[in-house]
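Could you slot chains B and C with the ligands onto chain A? The hints should help.
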Amino acid sequence: MTLRAFLTNRRAMAGAGILVFFALLAGLAPLIAPYSPTNINFPPMLGPSAAHLLGTTANGQDVLSQLIWGSRDTLIVGLVTATLISGIQLIVGIFGGYVGGWIDEVLSMLTNIFLVMPGLPLMIIVAAYVTVKGTVPIIFVITVTGWAWGARVLRSQTLTLRSQAFVEAAQLSGESRWRIVLTHIVPNMAGILVANFFGAALYAVLSEAGLEFLGLGNVNTVTWGTMLYWAENDEALLMGLWQWMVLPGVCIALLGTAFGLLNFAVDEVVNPRLRRT
Amino acid sequence: MSLLLEIAGLTVGYGAGPTAVLAVQDVDLAVHTGEVVGIAGESGCGKSTLALAATGLLDPPGRVLQGGVRYAGQDLLRLPPAALRHVRLRQIAMVFQASMNVLNPVLRIRDQFLDAMQAHGITSRREAVERTQAVFELVKVPARFLDAYPHQLSGGMRQRTVIALSLVLEPRLIFMDEPTTALDVVVQRAILQSVNDLRVQRDFAVVFITHDLSLLIEIADRIAIMYAGYLVEEASGPELYQQPLHPYTQALMQAFPPLGAVRSRLQGIPGQPPDLRQLPPGCPFAARCGKVRQGTCDTVRPAMTIVTPGHRVACHLYPVSTEGGKQA
Amino acid sequence: MRYLTRRVLVLLLTGWAALTINFVLPRLMPGNPAEVMLARFQGRLSPRALAALTVEFGVHTHQSLLAQYVAYWGHMLTGNFGLSLTYYPASVAQMVAQAFPWTLGLVGISTLIAFILGTGIGIAAAWRHGSRLDGVLLPVSLLLNSMPYFWFALLMLYLFGFVLGWFPVGGGLNLAHQAGGWAGLGAIISHAILPAATITITAAGGWVLTMRNNMVAILGEDFVKFARAKGLPDRVVEFRYAARNAILPNFTGFAMAIGFVVGGALLTEIVFSYPGLGYLLYEAVLNLDYPLMQAIFLFISLAVLVANFLADLAYILLDPRVRAVGRS
Ligand SMILES: Nc1ncnc2c1ncn2[C@@H]1O[C@H](COP(=O)(O)OP(=O)(O)OP(=O)(O)O)[C@@H](O)[C@H]1O
Ligand SMILES: [Mg+2]
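Residue numbers (my numbering), protein chains in the order written: chain A, 1 to 277; chain B, 1 to 328; chain C, 1 to 328.
So that you can see chain A by itself, here it is in the shape it has in the complex (with noise of 0.2 Å):
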């Protein structure tokens, strides 16, 4: 029921066919890419042309390939990210939600100083004191900074359920915390979890192209975000060699779009109360 009805949900589909379609392109990026994305042995500052279908960079590579082998290193810290993040709101949230007492208030108190802590600046400065650059850094440093909000919706709606007959029958005849939680309360959050893991999905890629822009990132590697990062540098935009900096950019918003799509989608399907007539 909840299935079909995601399966029908025209955003759901839009969002899921570009994930599909972004996936491939990292997955099947050895076969289709025309270069290595790092050969820096091409003509620098081609405009598009057979060879190069979307011309080259300032330093002569092919933006073409670093485009379709930049969505690998995307893609990756955005649901690498996003599961890091719903494992701790899940742990947070619903566990502190539902053991409630001390434990439950130092959890939230704690969800509440990282809701309120401004992310980015929060990630620039831890970032800039990590000395080793590159993706795991930028993973671990954009999950710290945004689990907080997920764990907070996922606790009320713990305190919800917890309250409702059938968890409490479920206390009633000794069935132990753990097997409660893991039977009755995380399967009627599955959907709020699924749209929160898209949410925090669309968080990890934005945030990593910002920390990525600033160099905070290894600029030696090949995202969209240090794409961005060198064209900036090499002033594309004024060189005219605007589909360096325009493309990757575009990249990233459809991804960002598909992720919120879903997310939205999810949201729309799991709460009657959004839904479309």
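No wet-lab data here; the hints were simulated from the structure.
Every residue gets a Cβ at the ideal spot worked out from N, C-alpha and C, and that includes glycine.
Accuracy of the hints is not assured; some may be wrong.
Claimed, not checked - Some but not every residue of chain A turned toward chain C, in silico, with C-beta under 7 Å:
1. 115
2. 119
3. 125
4. 206
5. 213
6. 253
Coordinates of chains B and C with the ligands only, in the frame set by chain A:
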């Protein structure tokens, strides 16, 4: 008594396609000036849907599929929005079933009354406040609660406030959808009594919806019984009390014996109402009926029959009259 | 007021956490980043400044952590944020004080406009939900919400600055030192319009989405239906009954939204070389100027904290139910 509201062949569905629910089917019902019409039936039989559709308040996915509603000679469902707005509250008021949540949580009660009156042209604040206080007295809520927010009122007080609001512009017709469910019996009686006094005084009509048939028998001039979206019987109060014809009406009487009668065994009606998405052919009540006649009841849908003037029923036990189904 | 007490507590704790992060990070990070920084600036700073830095970042010190922490707090409370390495010999406090009003003006105003605009569009979309307008607005808002701020800023700068030449493309940094008067104000505004428009457009998308969803949910509430049943004009139902309630969750969700917007605004400043905290932060990052970075982080955090606190206060004023919890 003249005709005030006329519902004709009204059919209402929720949703579309194979999962569509037909909540009201081909219902005819007339309300005259100054009378009390009761509608009774089990939970889910379409009472609220009928009331909402008849006042043009149905929200999607609900849709009027067939039929119409005439009020004072106008086709209510095709009235332009601006005109319909002026009919609401001033001409036809509605007390919702879910009175708990019908007040705006962020506005004081007083402002919600003033909003309503301003919308209908009462611009003098003094007049508006006076009217409000008068109806508050009627429903026995202390006037100091005018300054309260809805969450500061008890459930019963909220219900009474909503009743007061429905009375404040002295409409000609009020739909009351289980208006007193959150009240205890004593308060319930008192309020119904004062509404009734006012009705006699000002001559407005009431459509009263409940599943408590015994209550209707006391207060209603005419009673309509609904089952699975169909209107299955209609008669005057006393007539229905003395001579319920439809087996379902009889079962309802058993379930809610009139006050004063021996409440020996308060029993529900055995079985479940049918799935409105997929009504069986024949009489919708056939599966639960003690007097079911195989071969007829389960294959042919019974038409409305006038048994005696003012008393009609849709049941195969009573042969079809020549005048057809519609009431004169 | 329990709600307020809790919010104040969160405010204080978060302020403490922001300060403590600044203390802990340089001491915690592997690879000793502070030492790396000091090595880079060896010889470029006066020995006294260098000595102060070693103390501040806990490099080569014999003091216990606790003593360092206490001293650190002493410095923070007296506004002693140290010297900027990039702008040596200017102090960090000077640099931040110079840039802060610029950011406050730009981000404050554009966030406010984005909020009003986005909320208004969200209300309109929800009111017509299911319509073509709603159908188009939704993906557009999602797209706006998914664009990297700085990238959009670059495109805007290129298009309106370089190609069309409508706005200045740089030189904003000199604004801070220019003469005042009307000419000065004009220059400030012409430099601010493009970044402000960028922030407004990208931030509005997020508000459209949240407001639209809140509002769609509220439109299904009984009190909105009842407002229609009262015959209130559409405008009144839309704003005084539906939107007035739908906006409330935005105040509780404000924290996340504003953090997101501020982050994006900082990047936008960098692209436009706008003389605010964002650009300063960028310079600090490029030059590994940790003292400056820390102070900027601190000030942004405090500003966001205060903004949040104001949102909390507004929420208390707008929702009588929260007020009531406080009173009891
Ligand atoms: N919004 C809706 N969407 C789909 N089905 C609905 C909706 N509202 C009501 N229904 C269905 O329509 C049927 C009639 O509902 P209605 O509320 O009119 O019953 P009722 O007679 O007023 O019941 P009660 O006595 O419990 O108030 C029910 O089967 C119900 O499930
Ligand atoms: Mg009902």
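Results for each hint:
Annotation: interface hint on residue 115(A) holds; nearest CB of chain C at approximately 5 Å, less than 7 Å. The beta carbon of residue 119(A) is positioned within 7 Å of a beta carbon in chain C (closest approach about 5 Å), and the interface hint is therefore held. For residue 125(A), the suggested interface contact is upheld, since its CB lies about 5 Å from the closest CB of chain C, less than 7 Å. The criterion of a C-beta within 7 Å of any C-beta in chain C is met by residue 206(A), whose closest approach is roughly 6 Å, and the hint holds.
With 7 Å as the threshold, the beta carbon of residue 213(A) comes within range of chain C, its nearest partner Cβ sitting at about 6 Å, so the hint holds. The beta carbon of residue 253(A) is positioned within 7 Å of a beta carbon in chain C (closest approach about 4 Å), and the interface hint is therefore held.
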